[in-house]
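J.: Protein chains in written order, with my numbering: chain A, 154 to 543; chain B, 109 to 610.
Hints may contain errors.
To list a few chain A residues with every Cβ distance to chain B over 12 Å, as calculated [to be verified]:
no. : residue
1   : Glu421
2   : Glu425
3   : His491
So, partial list: chain B residues that the calculated Cβ filter (under 8 Å) puts toward chain A [stated by the list, open to error]:
no. : residue
4   : Gly157
5   : Ile217
6   : Ser238
7   : Lys253
8   : Ile273
9   : Ile357
10  : Pro376
11  : Ala380
12  : Thr384
13  : Gly387
14  : Cys541
15  : Tyr589
16  : Leu590
17  : Ile605
18  : Ser609
Hints in this document: simulated from the structure, not taken from any laboratory.
Keep in mind it's a predicted model, so treat the numbers as computed, not measured.
Heads up, the beta-carbon is just placed ideally off N, CA and C, and yes, glycines get one too.
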Amino acid sequence: MKPTSSRTNALAVVFALVMSTASAEFSLSERCPPSFRLSESNTCELQSLYFMYGSIQNQGIGGTQTNLPHFNDGYTPQQIDLGRYLFFDPILSVDGSMSCASCHQPDRGFSDGQSRSIGLNGQTLQRSAPSLWNVGFSQRLFWDARSTRLEAQALEPLFHENEMGNTPQQLLQTLKHNANYRALFRTAFPASSDITVDDLAIALSAFQSSLISLNSRYDAYAHGDHSALSEQEIQGLNVFRSFVARCSECHTPPLFSNNQIAVIGVAERTGETLDVGAERTFNSRKLRGGFKVPNLRNITLTAPYMHAGQKQTLEEVVEFYSRGRGNELDDSDERQLHWHITQPDLTTDEIAAVVAFLGALTDETMKPITPSTVPSGLPLVHDNLGSDRP
Amino acid sequence: MKPFVLVTVIAVTSILAGYFWGSHQTDPSLVLPNQVEQGVDYDQASLEGVLRAALPPNPDGTVWQVREGESIQRAVALAAPGDTVLVFPGEYHESVYIDKDHIYLVGVIDEGSRATLNGRGVLNDAILYSGNSIVIENFEIKNYKGNAIMGQAGNNFEIRNNLIIDSGVYGIFPQLGQNGVVTHNVISGIADAAIYVGMSDNIHVAHNEVFDSVAGIEIENSRYAVVENNYVHDNTGGVLAFITPGLPIKTTEHVIIRNNFIVNNNHPNFGAPGSTVAGIPAGTGILIMAADDVVIEDNIISGNKTAGVIITDHDNAPNTTLDPESDPVPDRVVLLDNFMINNGYDTIADVQALMLTEFKTGLVDIVSVGRNRDSCILNPGRYHVVGLGDYDRCSVTTSANLANYLLAEPVQERPVEDFKLGEIAYLGVCSGCHTYNGRMIGPPVVVIQALYENNPEGLADYIANPRKIRPDYPEMPPQSYLSEETRRAVAEYMLKIDQPSH
């Protein structure tokens, strides 16, 4: 870890002062977020209409009426609510300039509208911020699948020098100095004697797991109301799952991801070096340029697309696939492209239909409420403030 | 003679049209299919003695008739679970999708002519289904770009008596389904597998003729499959049992390949670049890649120029990706007695090299490459074998005691107990807009309870077709995708809530 500059250290002291004078009353919800049921052991368990269906080997991949994959639930309502405060609270960053919501904004599908996210001090990161909708179902996290647990994942941006730039010691110190957080952590983690990094990670995961989007118009269609989609959207669904476009072989319902890694061969922007992606994670040339298959729910909210935002619109994405295998790569490229990347040559009608269909995957009914103030007393910093639901 | 005795047309359609389509988009120019009462003649005559996986048709269901010039999709849209759609001989140019359960889609064969789905080289897939208990019979399908018949997570399917010619990537491709039969189909000219069972369990593939395709029959990342009594000839590779790494289902196990004719599979490989089958050497009878518990018994395997049977791990197979979650090694391959003759007469360099290590030349029936665990062969002396040094003698002699791996009953379609239905619907859907005593997007539950006390039917009706009531609230979206049963359950649940849940 690079030592933080003296400027940021000085700022940290100022924040410590701000925090200790914070006075708002904060309490944690004793109820689960919508879509969850409170169990007798005070944990929140996901509820969904998809539980009506089965799925082959319980993998949660299939067709219209298929159960969901394993879900990361079992957090308490208090942990989820504490996670919500932490997620929006810039206290987590070294200088109070960023919260998780800076790059994962509720109004932008929990992404940030950037090709590649901007971190501390305006530094551009290597990749784009993925949407966090339905992230509790992901068995692989980050574009290159380098993490398998939400808890472990949350610590990366916190302590990454270009992201939130904090250190565990400093973060714990600031949180422990804050009377609100001391009380809130005690409520959420009664068994812990003090605030810990592990508990912080659990709370953040708890909140992120509550971001459920499973009630789009597509879902109404899948459950049986065939008038929920327009004719063009149904045409798009049929192209999407056809064996010409083969989108659903990788973006498999119900989540529109099969949770695997695939090399699809999107070129980096001109002048950028190749992002080897999963090659590094798995130490295998076969996965050079491979990324995890992203889920496509709420996809219209999260442009630009791909691991470094190479595609501005969904049309561009579909056209990329349509042009066929390796169309952005030169002959010397050694990537082993996935076998479902073929040469669909879709008509303009079909491309428009797929794009229309992707638009039917939008559902924000379970969007969490952005707190109006956070326990640190710091002002909220992410964009689009105030347009969230009251 | 006509194979089916057809029942008389009873009702025609304008009333029905109003009934089914009144509240949705209506296109009056479309001709509706005729509707006839379900007759016993068709069912009992054709299904007796046939291996079944689907629910039987509803005896009170409707039979929809489609004739040339009409739309099959239109009939499917009108059909209810348990109904039959009968398609008369003639040419149909459409892609049919079935996103509902329990539909019999049946072609009528009249003096040898069939209902023909012709994609004319421009349509994607011919028939695509995601429902359970789908039966597809008696069609001729040609010139599609994608698949002829594709299932996406439909269970309890039956696909039989179809003639599929030169149609796309896969001929018949049930994917992610459980409990299904693929029998008595004749399929040729397919650029990948003529019959491809993908990521599925409890499957029976029998009495099919598959030829002139890259792969004849492929069992991939699937469990509990029997492939028997098929005539598999003139493909690049005959019968394959594979684990393809990188798919979400990781294993292939318990596959029985028996009593098939696997003959002269020497077709030049025309598989798409990058596809797994593109790496199959022409002249492969049976190919086992990384699959476990495969039994090969009583097949006639002849005239396959590379080898009769190839068993390989992933390390020796081209085009496979890396997947730490899939086991690259085949375990417990059981080679029982088979009739093998004249295989490997023009084999590939890799096999020749392996033969040299054992000082062998000439024909090769069975070759095992790479790692392998606990495999066996009953009578090795009967064949030209190579690479079988660590194979034991089998202790079993036949798989005949197992007729098939189909389930005794169709897969249960709804594992959720009734009392939970109301809860998953309320919490999974309504809770995004309604809460017990506060205002969210919709009015509080307490207000609704006062309005609908002792009236769950009223509530269930409202949500199927909500009216605008309160000027200061937005409109509530219709919940008509919920079945009647679910609407009733959620209504009862909503009326019983006595404390906030969220």
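J.: Against each hint, give a clear statement of whether it holds in the structure.
T.: Now the hints, each set against the structure:
no. : hint   : verdict
1   : Glu421 : holds, 21 Å
2   : Glu425 : holds, 25 Å
3   : His491 : violated, 7 Å
4   : Gly157 : violated, 29 Å
5   : Ile217 : violated, 27 Å
6   : Ser238 : holds, 3 Å
7   : Lys253 : holds, 5 Å
8   : Ile273 : violated, 17 Å
9   : Ile357 : holds, 6 Å
10  : Pro376 : violated, 20 Å
11  : Ala380 : holds, 6 Å
12  : Thr384 : holds, 6 Å
13  : Gly387 : violated, 10 Å
14  : Cys541 : holds, 6 Å
15  : Tyr589 : holds, 3 Å
16  : Leu590 : holds, 7 Å
17  : Ile605 : violated, 12 Å
18  : Ser609 : holds, 6 Å
In summary, the structure is inconsistent with hints 3, 4, 5, 8, 10, 13, 17 from the numbered list given earlier, while agreeing with the others.
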